[in-house]
Each structure stands twice: as structure tokens, then as C-alpha cells.
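Colleague: These are the residues of each chain, in order.
Protein chains: 2
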Amino acid sequence: MLVNGNHYRSVWFEKDKIKVINQILLPHKFEITELKNTEDVANAIKTMLVRGAPAIGVTGAYGIALATKKGEDPNEAKETLQNTRPTANDLFRGIDHVMDSLKNLELSHKDLYALKAANDYANRSVEACKKIGEHGSKLIKDDSRILTHCNAGWLACVDWGTALSPIYAAKRQGRRIFVYVDETRPRLQGAKLTSWELLNEGIPHAVIADNAAGHFMRKKEIDIVIVGADRIAKNGDFANKIGTYEKAVLAKENGIPFYVAAPSSTIDLSCETGEKIPIEERDENEVHFIGRERITPEGAKAKNPAFDVTPAKFVTGIITEKEIFKPEEIAKVFKR
Amino acid sequence: MLVNGNHYRSVWFEKDKIKVINQILLPHKFEITELKNTEDVANAIKTMLVRGAPAIGVTGAYGIALATKKGEDPNEAKETLQNTRPTANDLFRGIDHVMDSLKNLELSHKDLYALKAANDYANRSVEACKKIGEHGSKLIKDDSRILTHCNAGWLACVDWGTALSPIYAAKRQGRRIFVYVDETRPRLQGAKLTSWELLNEGIPHAVIADNAAGHFMRKKEIDIVIVGADRIAKNGDFANKIGTYEKAVLAKENGIPFYVAAPSSTIDLSCETGEKIPIEERDENEVHFIGRERITPEGAKAKNPAFDVTPAKFVTGIITEKEIFKPEEIAKVFKR
Chain A
1 MLVNGNHYRS VWFEKDKIKV INQILLPHKF EITELKNTED VANAIKTMLV
51 RGAPAIGVTG AYGIALATKK GEDPNEAKET LQNTRPTAND LFRGIDHVMD
101 SLKNLELSHK DLYALKAAND YANRSVEACK KIGEHGSKLI KDDSRILTHC
151 NAGWLACVDW GTALSPIYAA KRQGRRIFVY VDETRPRLQG AKLTSWELLN
201 EGIPHAVIAD NAAGHFMRKK EIDIVIVGAD RIAKNGDFAN KIGTYEKAVL
251 AKENGIPFYV AAPSSTIDLS CETGEKIPIE ERDENEVHFI GRERITPEGA
301 KAKNPAFDVT PAKFVTGIIT EKEIFKPEEI AKVFKR
Chain B
1 MLVNGNHYRS VWFEKDKIKV INQILLPHKF EITELKNTED VANAIKTMLV
51 RGAPAIGVTG AYGIALATKK GEDPNEAKET LQNTRPTAND LFRGIDHVMD
101 SLKNLELSHK DLYALKAAND YANRSVEACK KIGEHGSKLI KDDSRILTHC
151 NAGWLACVDW GTALSPIYAA KRQGRRIFVY VDETRPRLQG AKLTSWELLN
201 EGIPHAVIAD NAAGHFMRKK EIDIVIVGAD RIAKNGDFAN KIGTYEKAVL
251 AKENGIPFYV AAPSSTIDLS CETGEKIPIE ERDENEVHFI GRERITPEGA
301 KAKNPAFDVT PAKFVTGIIT EKEIFKPEEI AKVFKR
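Quick mapping for you: the protein sequence lines, in order, are chains A and B.
According to this note's numbering, the first sequence holds residues 1 to 336 in order.
According to this note's numbering, the second sequence holds residues 1 to 336 in order.
Do not rely on the hints blindly, as some may be mistaken.
Below are the SDA-like pairs computed for lysine to any residue, each with C-alpha atoms no more than 20 Å apart in a straight line [unchecked claim]:
1. A:LYS219 to B:LYS220
2. A:LYS303 to A:GLY291
3. A:LYS29 to B:PRO297
4. A:LYS219 to B:GLU284
5. B:LYS303 to A:ILE203
6. B:LYS219 to A:LYS219
7. B:LYS29 to A:PRO297
8. A:LYS313 to B:GLU275
9. A:LYS234 to A:LYS303
10. A:LYS276 to B:PHE216
11. B:LYS301 to A:GLU221
12. A:LYS29 to B:ARG294
13. A:LYS276 to B:LYS220
14. B:LYS313 to A:PRO297
15. B:LYS303 to A:LEU199
16. B:LYS78 to B:PHE92
17. A:LYS219 to B:GLU275
18. A:LYS303 to B:LYS219
19. B:LYS220 to A:PRO278
Computed spacing ranges between beta-carbons, pair by pair [what the hints assert, rightly or not]:
20. B:GLY202 to A:LYS15: 54 to 64 Å
21. A:ALA331 to B:THR47: 53 to 63 Å
22. A:LYS276 to B:ASP143: 26 to 36 Å
23. B:VAL3 to A:GLU329: 35 to 45 Å
24. A:GLU280 to B:GLU281: 31 to 41 Å
25. A:LYS138 to B:PRO278: 31 to 41 Å
26. A:PHE325 to B:ASN4: 53 to 63 Å
27. A:ASP283 to B:ASN4: 21 to 31 Å
28. A:LEU2 to B:HIS7: 29 to 39 Å
29. B:ASP16 to A:ASN4: 57 to 67 Å
30. B:GLU76 to A:GLY5: 54 to 64 Å
Stretches of chain A that chain B covers, calculated by requiring three or more beta carbons in the stretch to come under 8 Å of a beta carbon on chain B [to be verified]:
31. 80-92
32. 209-218
33. 247-260
34. 303-311
Quick caveat, the hints were computed from the structure, so don't treat them as lab data.
Please read these numbers as outputs of a predicted model, since none were measured by experiment.
Here a beta-carbon is modelled for each residue, glycine too, at the ideal position from N, C-alpha and C.
Take the sequences, apply the hints, and build the full model.
Modeller: Take a look at the structure:
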């Protein structure tokens, strides 16, 4: 999508390096960071320099390609990369996709095949996100006011985004839309990244404190909620950024449709219910500090779960590249 | 309550000045600010240097006493002070209490009567908050995990607090308790003030992102929710800090009792329902900036409602200085 009028992907491979848009420095500084080895890639994922389920899936895929190109053991790179963050399913999918391409190959060709596999995975991810936009945009009527949580835009993917893709598609189809952007504490991906994406695409929006979403729902100022997902279980429960569960419960209470947009790589049929999804607990300093500013008193403790699980009963529909379906239809639509 | 082991009130009158704990500088700096005239008082309320419904009620009362002492027209002071913030009922109660004391008095005695009336109002507020603690502490069992939103502690009152008063009472009765503190964006009163109060009283707690409260409720890690109120309507609907409505809906969804703690001065029987309570919209820069740190991109817009309304159906009970009662019992308990 657009950055100052130029088209970018959030992550790509160039010569012997992975290049990623540095998501820690946004929105105040737009900078491309080069990842030169497995350690760089692992750190970029852990520190959320690159984040978002599909984006870390593609970064993981490129990470295996990079290790292979450098003549390293891809199994070691796999081990390192899959231990960076536990919740998103796409990370394991991306890594496994490239690992599979290496099976039964001669040593001399491995690097080329790995890069081709990683590029294929990235391109398919872009295509899936574009399709999510096409399907999802049908849900967005003219003059719609849409609430979204966190950043499930193109930065979180490679291009287009998941939750934001239907919004971009609706905008290109000429519909008038307004987006309420949850700022999404503690990491503020809504305030920092979603707002920046929407500004670059010229889409009217307002950032709100996470506390205000319920108020606007109750005042009938929100028509539809669309969020992304880090992992969707077989029964339709899903994990997404902390706070998603709150918005889902509030949407149901206020009779507002609540959609989850995600590529099918987010669906983990081996996970029977949401209770089986591991929830990452991140450093409590993400709560204590905002930038350089400490907001809590010295000596205070904090808890910082990075994700929550929303039960399927709160989900109106799941938007994938294939179609839009009800959570209870997952097993039917996606056979293992 | 305690600050580094010494007892303080949040606001008091000393010689010709109102003294208040500066709530903007907390938790990193403990400083007493002197308010020397009506303009000082109005600015302190507007900028939230002093905040919390009962505390601004008492500050308003002292503001009339200060103006009277300085030989100013108390009616002009009243006009200025009641136009500082629109939502809290206590502000109007505090001002009117002192104005009433001035009726039919000789000119020479007005300042003494006004100060006595303001001190009476402050002392009654302290007494009411202490009683709220006594009644409310009966709801807190041993090993309870309590969620609170914003700061409805002694800083928001004069002493004891409203939502925190039952917690302080339970602690002094020797019960083991743990408090989950919503950080409460955008002004972060939970992270900055509630956490600071609890540390000073030695009460174990964790600050959480507002987004995480639902997660902990769903995981059965919260046993009871207690919040304050800025205004309670006749039908039991109430206005409180933005985000309160979200927590109330989530508590109901998860079968967790949800209590509102407030002195009876918060109840406005002239307000039939919550829809009649005016909701303050504050500067959007409170969302854009955290301290010196801008979190949104330049050019982004924000919306910043300071309060929301929670319908009575989500309220398990209202804890006042008189007793604990159901929201539908207000009209019976409080006759005009």
C-alpha cells in the first residue's frame, strides 16, 4: 500500500538480506531495517520491529531462506525462529512452508528453492489479503462507521492487510467510510500504525482510547467491527490482540456485527478450542512505560497478557480469502 | 490516608488559601499546590490538577469560601466554578452548600460562615467515604481479587475514597486482597494515582492495560468490580470515567458482581435517566500525547469523551454512606 504516495510491502527479500519496515519507529520515522542473519530475524520478531501474524509468517519464511542462502543449517534457524513468539499460527506455517520445499533436494540448489518458496508464500499472502478485501468490502455499506482494534493492516501482513483490507477495498469502490481506531494499549499499534496507514490512504478516521469503544457502540456510532486474528481454533474461538474480547462482547451487547478477517493460514484445525491457544505474556515494562515516559509509580507491578481469546459465539463471521463463513462452519470449509 | 507514612487529605483550607495535592505531578512528584483566588481554583479543576467528583465538590465549596474571604461576590465565583466541568454532580452540591450558608447573613460574618460551611461539607464527605468503606468491606471476602477503574480513591475525595474505601477497610480488617488496577486511558488515573495510593497503603496490586480487564474476568481471576461515579441518575444509570461501561458489560457477561461506590451527593434525582447526564468531551490532545510523547501520526484526528453512561441493569448494587442498595431502590432510599 502507499507510503507518501509510493507503493511498499512491509517485508521483502533483496540480495542477501530481508528488508522490513521498522514498525517500532513509526509513525514518526519511516525507515527500512535490514535483517542479515537468523539472530537479526529472531530479534526483529521478538521486539515487534516486524509484527502482525501474516507479516511474521512471511518474515519467518524469509528467515529460513536467508539461513539457507548463508549455508547455515535451516533446522537450527527453524528452532530459533519458531521460539520467538508463541501465539500466531502463521509464523509456524511460514517456516514450515519453506522447510518443506527443502525436503529431498540436492545441497547445491537449496538456497534457490528456499527463496522461491518464501517468495511464493509472500505472494500468496498478498493475494489472500486482497481477496479478503474483495469479500469483506461487501459488508461495508456507504456511510459505514467501522471500528477496528490493533493493527491488522498491510504492515501486519505484506500488503493490503486483513481487517483493513475490506476498508481499503470499500474506499477504492468509492464508498464513504469512517474508521474508529482503538489506540490499543499497551503497544499502541492502533494509534501508531493503523492511523498512519489510514492517513497514507486518505481514509477519514479518529483514534480513540480503548475505553471509548463501548461508549461509541452504545451511542449507535459504530455500524460494524472488523478485527484480525493471530490464531483461529477449529471451533471458531480465536486469539487476537489483548482487548479484542472486550470489543466482541460489547458488539454483541449492542447488536453490532463483529467480523474476524484472516487468511486461512491463521486457522489451526489441530487446536480444538481457544483454550488450547498459548497466550504470550510480555514484559510488564510495556505497561509501565510509554516511550521514555514511566506512567506508574516506582515499585508498582503490572501484568501484560499480549493476546486474549474470544469465544466463537461473539463472532458474526470469519472473512478469509476463500469466502465469508460462520465460525461453526470452519471444519466444513477447511479440511485438514 | 498515608503518603510516605504521614496522613494527608487531598484538599484543605489553610489561612487564606486552598491547598491541594497536585494530581498532575503524581506519581513521580508529591507536591502541594496553593490556590489563591477563583481563577486558580477554576484552572485547577479544569486541568484536573484536582479531580474526582467528591474532591472537586469540596474544592468548589472551598472556592466559594475563598472568594467570600477575599470580599469578592460569591455569585460570580459560583458562576465561574460551576462552568469548569459539566458531568460530576458533587461540584454543584459543594458550591450550593456554601452558597446556601450565605443566605440571610450580615455582611461582616459571611467569610466565617462560608468557611465553616465548606469545612463542614469536607468533613461530611470524609465521614461519608469512611461509611462507604464500612458498608462496602462486607462485600470483600478473604482472598478477593478486585478490579477497579480510574481513581476513586482518597485523592478523588478528601480522604478514604469511594471505590477504594471498602478496599482500605477490608485491608485494615486483616483480609488478604489483590487489586487489578485499570490504567485508565487517556489520563491514566489508574496507573498514576490508584497505584500510588495502594503502594502507600501497602496493598498488593497490578496495573493492567484497560484492554486486559475482560481477559482476566473471562479467566475467572476477578471476583468483584468496584468503581466510583460522577453522577447517578434517578433510575440507577450512572456516569463515570470513560471505559466504566465496558467493564460493567464484561462483568455481567462473566457473572461477576459490579458495584458503584459513591456518597449520596453523587445522586441527582432531578436526572431521570443516564441519557440526561451531560458528557464532557475533552481536548483530543489527551489521546494524541502521553506526557511529552506523541503517539499518533501528525495529522491524525482523535475523539475524547471523558465519561460514559452505564445503564442500571449492569449494576449489582450502589454503596453509599447510608447503605448498599439496588439501583432500582434509589428513589425509595433517597427522597428529594
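Colleague: Each hint: holds or not?
Modeller: Going through the hints against the structure:
1. A:LYS219 to B:LYS220: violated (29 Å)
2. A:LYS303 to A:GLY291: Within the cut-off at roughly 18 Å; holds.
3. A:LYS29 to B:PRO297: holds (10 Å)
4. A:LYS219 to B:GLU284: This hinted pair holds, its Cα atoms lying about 19 Å apart.
5. B:LYS303 to A:ILE203: holds (16 Å)
6. B:LYS219 to A:LYS219: violated (29 Å)
7. B:LYS29 to A:PRO297: holds (10 Å)
8. A:LYS313 to B:GLU275: violated (30 Å)
9. A:LYS234 to A:LYS303: Answer violated: LYS234 of chain A to LYS303 of chain A is near 29 Å, above 20 Å.
10. A:LYS276 to B:PHE216: holds (17 Å)
11. B:LYS301 to A:GLU221: holds (16 Å)
12. A:LYS29 to B:ARG294: OK: LYS29 of chain A and ARG294 of chain B at ~12 Å, within 20 Å.
13. A:LYS276 to B:LYS220: holds (17 Å)
14. B:LYS313 to A:PRO297: Judged against 20 Å, a Cα distance of about 36 Å means the pair is violated.
15. B:LYS303 to A:LEU199: Holds, because 16 Å separates the two Cα atoms, which is no more than 20 Å.
16. B:LYS78 to B:PHE92: holds (9 Å)
17. A:LYS219 to B:GLU275: Answer holds: LYS219 of chain A to GLU275 of chain B is near 10 Å, not above 20 Å.
18. A:LYS303 to B:LYS219: holds (14 Å)
19. B:LYS220 to A:PRO278: holds (17 Å)
20. B:GLY202 to A:LYS15: 54 to 64 Å: holds (59 Å)
21. A:ALA331 to B:THR47: 53 to 63 Å: Hint holds: Cβ distance 56 Å, inside 53 to 63 Å.
22. A:LYS276 to B:ASP143: 26 to 36 Å: holds (28 Å)
23. B:VAL3 to A:GLU329: 35 to 45 Å: violated (58 Å)
24. A:GLU280 to B:GLU281: 31 to 41 Å: With a Cβ separation near 36 Å, GLU280 of chain A and GLU281 of chain B satisfy 31 to 41 Å, so the hint holds.
25. A:LYS138 to B:PRO278: 31 to 41 Å: holds (40 Å)
26. A:PHE325 to B:ASN4: 53 to 63 Å: holds (59 Å)
27. A:ASP283 to B:ASN4: 21 to 31 Å: holds (29 Å)
28. A:LEU2 to B:HIS7: 29 to 39 Å: violated (59 Å)
29. B:ASP16 to A:ASN4: 57 to 67 Å: Between ASP16 of chain B and ASN4 of chain A, where Cβ atoms are some 58 Å apart, the hint holds.
30. B:GLU76 to A:GLY5: 54 to 64 Å: Roughly 56 Å apart at Cβ, these two residues keep to the hinted range, so it holds.
31. 80-92: violated (count 0)
32. 209-218: holds (count 9)
33. 247-260: With 3 residues in contact (Cβ-Cβ under 8 Å with chain B), the coverage given for the segment 247-260 of chain A holds.
34. 303-311: With 5 residues in contact (Cβ-Cβ under 8 Å with chain B), the coverage given for the segment 303-311 of chain A holds.
The structure fails hints 1, 6, 8, 9, 14, 23, 28, 31 (numbered hints given earlier, in ascending order).
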